[in-house]
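Visitor: Okay, here's what each chain looks like letter by letter:
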Amino acid sequence: MITTIFGGLLLAAAAAYITGRGKARRLSDQEKLHSRPVYHGAWTGLAGLLPALLLVCTWMAVEGPVVMRLTAAGLPESIGRMGPAATGLFFNDVRNLLTGAVGPGQVRPEAVAAAAAWRHYLRLGRSLLAGFAALAMAAGWGFAICRIKPSFPARDRVERIIRVILFLAAGVAVLTTVGILFSVLFEALHFFAKVPFSDFLFGLKWSPQTAIRSDQVGSSGAFGMIPVFAGTMLIAGIAMLVAVPLGLLSAIYLAEYARPRVRTVIKPLLEILAGIPTVVYGFFAALTVAPMIRDLGASLGLDVASESALATGLVMGIMIIPFISSLADDVISAVPRSLREGSLGLGATRSETIRRVVIPAALPGIVSGILLAVSRAVGETMIVVMAAGLSANLTANPLKAVTTVTVQIVTLLVGDQEFDSPKTLAAFALGLVLFVITLALNVIALQVVKKYREQYD
Amino acid sequence: MNQNSRPQTVSTAAIVAAGLRKRYRAEKRFRRLGIGAVILSLGFLLLLFGNILSQGLPAFRQTEIALEIEFTPRLITADPARGNYRALARQALQRAFPKVRKRRAKKELYRLLSNGAAFELRRMVLADPALVGTDRRCWLPADDLVDNFLKNPESGKKRLSPRQLAWLSQLHNQGRLALRFNRFFFTRGDSRDPEMAGILGALCGSIFTLLVTLALSFPLGIASALYLEEFAGRNAFADFLEVNINNLAAVPSIIFGLLGLAVFINLFGLPRSAPLVGGLALSLMTMPTIIIAGRAALKAVPPSIREAALGIGASKVQTVFHHVLPLALPGMLTGTIIGMARALGETAPLLMIGMVAFIVDIPRSLSAPATVLPVQIYLWADSPERAFVAKTSAAIIVLLAFLILMNAGAVVLRKKFERKW
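Going line by line, the protein sequences match chains A and B.
For what it's worth, our numbering labels the leading residue of the first sequence as -7, then goes sequentially.
For what it's worth, our numbering labels the leading residue of the second sequence as 1100, then goes sequentially.
Derived by calculation from the structure, the hints in this document are not laboratory data.
Among the hints, erroneous ones may be present.
[Said to hold, decoys possible] Taking lysine-lysine pairs in the DSS-like style, the calculated list, with each CA pair at most 30 Å apart, reads:
id, chain 1, residue 1, chain 2, residue 2
1, A, K259, B, K1257
2, A, K259, B, K1519
3, A, K141, B, K1127
4, B, K1256, A, K442
5, B, K1205, B, K1127
6, B, K1256, B, K1206
7, B, K1205, B, K1250
8, B, K1205, A, K259
9, A, K24, A, K197
10, B, K1415, A, K15
11, B, K1206, A, K24
12, A, K259, A, K442
13, A, K259, B, K1515
14, B, K1127, B, K1198
15, A, K197, A, K186
[To be verified] Here are the computed distance ranges between Cβ atoms for each label pair:
id, chain 1, residue 1, chain 2, residue 2, range
16, B, I1404, A, F194, 24 to 30 Å
17, B, F1420, A, S325, 17 to 23 Å
18, A, M52, B, D1481, 34 to 40 Å
19, B, I1404, A, I153, 50 to 56 Å
20, A, M52, B, R1518, 41 to 47 Å
[Unchecked claim] Some chain A residues well away from chain B (every beta-carbon gap over 10 Å; in silico):
id, residue
21, Q22
22, A53
23, G56
24, R100
25, E102
26, V187
27, I218
28, F276
29, L288
30, G371
31, K392
32, K415
33, L431
34, N434
35, E446
Beta carbons are placed, not taken as given, at the ideal position from N, Cα and C, and that holds for glycine.
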């Protein structure tokens, strides 16, 4: 239905475009126009389309609640008296009926009636919408056609609309940030209403299972994020231990030593590593690297967990190598030639030049790249979900299994959930922490570059 | 001035000469370190690819058994959609081994064929109702244990009984047991039976999701880039937007999943597990990439083009849309393809919005429950059956093939339209 409305509106707009352009063309035979006929046509089309689209979008946004309110008003008294929780369940049944997830025989008759009413109001609303949209379209179209005359500045109007549309598109990015902030913050605040903020921030125990019955064993539900956070840092730290030396040395070799032909071959090959989906790394970590490290540990007489932080961190490090190497490559290549030549001219060897001149000059960029890489490692999800552990151990031993913020978010939110238990809300609190950490790292990385970068040219 | 300074210079040279060998050694060591780092990194790449290929390639072939199927009308009944195809398959096995009489032995015999054999027969009859009443030789999928035995005879032998092995060798001698191209992998959705699990459902889900992502993020990203680069000028709001977009590009992808869950599903009431919601979340994630690439492409268009257009009387909007945008479009498309490739490989946000369900059906619309290729990989990687490891690797090969195709397309586009001004 909605698709039909949209299609109809677009067709009508095309027709409006043609009529507007036609009228302007006829006028242009007698007199010189302010704007070319296509702009008159576009203006006519937009004058019809925009109000109608606005109408459709507004209705789409409010449709659900309005239809629900109408349906609820028509329900028998007994449903209204059931209390909010039971009413919610009742409407769940209605929704399931509408999507066909349950049959009419599986729910109470009131729900079947309500579903019918829902369908009725939905159809009524959409028919009305189609009518009003057609009216708006016709009104805008007619209005615009009447205004077409040689002196009408159609091009200015159309260009203004285009600018506004571009501006609104750019606004979506802001809206996304606001959306992230509010959705995460809002649910996190719900969580902090149930679990004190200080318990969350400084608690040493994380076991998000809440009790169904109060006498269950181990059902206390503890939400201290320190062990989760420590696990994240442990894995990210191991990843950086792998990625920073390998990435930096590769970048130095490619930028300073490698012949151009070698460079053009090796650089894209390294970047393949960055293009591999993280779920592939996760599979690799869980099924190849982790057993390998466990067997290696066993042959050395060490007790390595099969979900060891070492394996996860190692694979995550491999994933981050190209990230660091390409960022470092860029900043190293940006160090002006004159610095190198000065150093070489004084008799330093190439490695001395690199270590004492090039790297210090490129350091702010390198540090900022490493900070960005850390932020990446902290926010990385699939590798840890597939290869790291689930239980939160507060340990610094890389051979043990630890869990991370992202793993916890995924395990808490995947599967069926009710939306007011602390268990689900905890995921959003963790999401908030993750967002704040990565944001802080990014901001610091930018500041480092801004503050310490030397302008050589 | 006096001659005392001369011996001192000589001694400096001596110091330098004495240290030279050590310094050269350090130089060599440093260089080798660099080469070592590159080789190690590429070694990881090789290990990863070798590992996936060696595990995944066998899954593109599947063991099948050829049986004389008698399409008995009695078993297929009036409605071919509800016929007893399992009995049909069993009857054929029985015909191939008429000596098997005992119940236990029969059970073992039936276990040679996959559960999917019945589905395959049903599909054949539905596609061609004239089959009913005829006799025909059909290749039917074997059970995953049989499949495993054919691929790794040593380890696979342990999980089959001696009787089953004897039957298999008999079938083999008659040329009725063979590894054939695994058509089920490309024509079916997910399944609990590894030998019948396919990626078509996930592939369709991925395509739907990417379509939504492309339809939203491409126009929005290009429009934002145009606004920022051509119309915004230098003001506080534009700076704010720029910082904002750069930050969004660095936000972990899982956060976009949280956004999708809280806003699109809980607030707007869109269906869970649907490609529509997945596409919405992914398009928000991809947009910053497209904006950044689009701005770079616009920056690369020289100012002289704009000045020439403005100079002969074009308006600002005309200049941008008639002259700047067409020149920047190849660069923008390259950025978009790379963004789409990232979206295709993305898993985490889709887990948040419930695209992890076990879905057998091939999705047919944007709001039908679906899963995508990377999520399918995640699901299979988690399942305990050994045979799914090969399936997972095979799905990864398909995913990587798509990614390589997309990236190669981006490279070709860049090579073809790249212009130095």
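Visitor: All the hints need checking, so say for each whether the structure fits it.
Guide: Checked hints:
Between A:K259 and B:K1257, the direct Cα distance comes to roughly 47 Å. Violation of the 30 Å bound is thereby established for this hinted pair. Taking the CA atoms of A:K259 and B:K1519, the gap is near 22 Å; set against the 30 Å cutoff, the hint holds. Straight-line distance between C-alpha atoms of A:K141 and B:K1127 comes to about 80 Å, which puts the hinted pair past the 30 Å bound. Restraint check for B:K1256 and A:K442: not satisfied, since their Cα atoms lie roughly 65 Å apart, outside the 30 Å limit.
For the hint linking B:K1205 to B:K1127, the alpha-carbon distance of about 72 Å lies beyond 30 Å, and the restraint is violated. At most 30 Å may separate the alpha-carbon atoms for a hinted pair to count; B:K1256 and B:K1206 meet this at roughly 18 Å. The straight-line distance between the Cα atoms of B:K1205 and B:K1250 is roughly 25 Å, inside the 30 Å bound, and the hint therefore holds. With a CA separation close to 60 Å, the supplied pair B:K1205 and A:K259 exceeds the 30 Å bound.
For the hint pairing A:K24 with A:K197, the CA-to-CA distance comes to about 80 Å; that exceeds 30 Å, so the pair is violated. Restraint check for B:K1415 and A:K15: the C-alpha separation of about 26 Å stays at or below 30 Å, so the hint holds. With a CA separation close to 91 Å, the supplied pair B:K1206 and A:K24 exceeds the 30 Å bound. Proposed proximity of A:K259 and A:K442 is supported: the alpha carbons are some 27 Å apart, at most 30 Å.
Between A:K259 and B:K1515, the direct Cα distance comes to roughly 21 Å. Compliance with the 30 Å bound is thereby established for this hinted pair. For the proposed pair B:K1127 and B:K1198, the alpha carbon gap of about 76 Å is over 30 Å, so the pair is violated. With a C-alpha separation of about 17 Å, the suggested pairing of A:K197 with A:K186 holds against the 30 Å cut-off. Distance hint check for B:I1404 and A:F194: the Cβ-Cβ separation is about 59 Å, which falls outside the suggested range of 24 to 30 Å.
Evaluation of the 17 to 23 Å hint for B:F1420 and A:S325 yields a failure: the beta carbon distance comes to about 35 Å. Separation of A:M52 from B:D1481 is about 37 Å and conforms to the stated range, judged on CB atoms against 34 to 40 Å. About 24 Å separates the C-beta atoms of B:I1404 and A:I153, a value inconsistent with the hinted range of 50 to 56 Å. Judged by the Cβ atoms, the range 41 to 47 Å given for A:M52 and B:R1518 holds: they are separated by roughly 43 Å.
Under the 10 Å C-beta cut-off, the non-interface status given to A:Q22 relative to chain B holds; the minimum distance is some 24 Å. Against chain B, the non-interface label of A:A53 is violated: not every CB pair exceeds 10 Å, the least being about 8 Å. With a least beta-carbon separation of about 5 Å from chain B, A:G56 fails to lie farther than 10 Å from that chain, contradicting its non-interface assignment. Once the 10 Å rule is applied to beta carbons, A:R100 is consistent with being away from chain B; the minimum gap is 22 Å.
Annotated as non-interface, A:E102 keeps its C-beta farther than 10 Å from every C-beta of chain B; the closest such distance is 21 Å. The beta carbon of A:V187 sits about 18 Å from the closest Cβ of chain B, which is more than 10 Å, so the claim that it is off the interface holds. At roughly 20 Å from the closest C-beta of chain B, the C-beta of A:I218 stays outside 10 Å, upholding its exclusion from the interface. At roughly 6 Å, the least C-beta separation between A:F276 and chain B is not larger than 10 Å, which violates its mark as non-interface.
Once the 10 Å rule is applied to beta carbons, A:L288 is consistent with being away from chain B; the minimum gap is 15 Å. For A:G371, the condition that its CB be more than 10 Å from all CB atoms of chain B is violated, with the nearest at approximately 2 Å. With a least CB separation of 22 Å from chain B, A:K392 remains clear of the 10 Å interface cut-off, as annotated. Non-interface call for A:K415 relative to chain B: holds, since the shortest CB-CB distance, roughly 14 Å, exceeds 10 Å.
Its beta-carbon lying about 6 Å from the closest one in chain B, A:L431 breaks the requirement of being farther than 10 Å from that chain. Remark: the non-interface label on A:N434 conflicts with the geometry, its nearest Cβ contact in chain B lying 5 Å away (cut-off 10 Å). Against chain B, the non-interface label of A:E446 holds: every CB pair exceeds 10 Å, the least being about 22 Å.
Comparing the model with each earlier hint shows violations of hints 1, 3, 4, 5, 8, 9, 11, 14, 16, 17, 19, 22, 23, 28, 30, 33, 34; every other hint is respected.
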